[in-house]
Amino acid sequence: MSEQPLSVIPFLHALAGTGGSDLHVKVGSAPRVRVDGRLRKLQVRTLTPLDTAQMVAEVLPADLTDSFRETHEADFAFSLSGVGRFRVNAYQARGTYGIVFRRVAVGAQSLAELGLPDVVGELALEPRGLVLVTGPTGSGKTTTLASMVDLINTCREVNIVTIEDPIEVLHQDKLAMVSQREIRQDTANFTTALRAAMRQDPDVILVGEMRDTETVRAALSAAETGHLVMSTLHTIDAAETINRIVDFFPPFEQKQVRTALAQALRGIVSQRLVRRSDGVGRQAVVEVMVNTGRTAEAILLPADAPPMIDLIRDGGYYDMQTFDQHLFMLVRDGIVTYEDACLVASNPQDLTVELRAAGLVA
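Under our numbering, think of the first position of the sequence shown as -11, with each following residue one higher.
Bear in mind the hints are in silico, worked out from the structure with no lab data behind them. These numbers come from a predicted model, not from an experiment. For each residue, glycine too, the CB sits at the ideal point set by N, CA and C.
Label-pair ranges, simulated between beta-carbon atoms:
1. V341 with V268: 24 to 32 Å
2. Q188 with A18: 45 to 53 Å
3. V23 with I(-3): 18 to 26 Å
4. D200 with P49: 23 to 31 Å
Please model the complete structure; the sequences and the hints are all you need to start from.
Encoded structure:
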């Protein structure tokens, strides 16, 4: 007699119970949860094609059924009463289904709770311009942006419009008014929603991700015309972020884009995650670039300016910092071990030299 297909619901309870960030289910393996950056196997039998098909059926929204059958992938949000809210990616691999669930916070944490420097909050409270949060998948960009929105919501009497895919953290109106729009459910795509947002009397616009030329163009235009625009990119640092934005455009437009970016950009916060020394979760490590006269010149004429990383390293007066400068502080304060810091450092050898000079490592 064949076994009954397994439900995904107990595994979501297990994810929440372990304090993990992600749940992976796929055929041929037991479910795994990511805790403090490491995948741990749950004590459950190996999943079958019937199991994962049942799990997809449990969580996939009805309006995505046809497109999932056609494209074999879908992104959506799923809420489980008493457990929490999840960002979900369902996909097909070798003819069978798999799903990844990312647990998202019920409410936004403060920037202080995230251990982020004060300058991140100062960028969030800029009255206008473009502020970017960047990093690889799973580096905490959404969490940081949610905290920045919450800070604005708490401190400013403004209209905030967010465009997300999907909505992860729900914001209730505080001092500000917040309208959250979800791709597919509330609007067709980022570009359409961003253009529509300009007719909604916005003060602040959050664009979940700048994925294409037209979205970048619309975001720059909004930032140039007196709005604060916040968004994300999957880039590792400020220098790559600027190049990625410019490269969205054909060569004949790139000089104009550099000019617009040099004028509109307020700052770039790039993130990585590292294990905390106390074993309780992970800590964000951030590079912060604040746009000054010198960085604007480097955006306009990169061949004639010092490398962006050098400007950031020397920009302490403006509260700029490199990844390795932040790691130095985290090791000094006992938040991160030297060994773990070296795993995510941009230049582990230089970091080691600095820590030795300060007497922090042997």
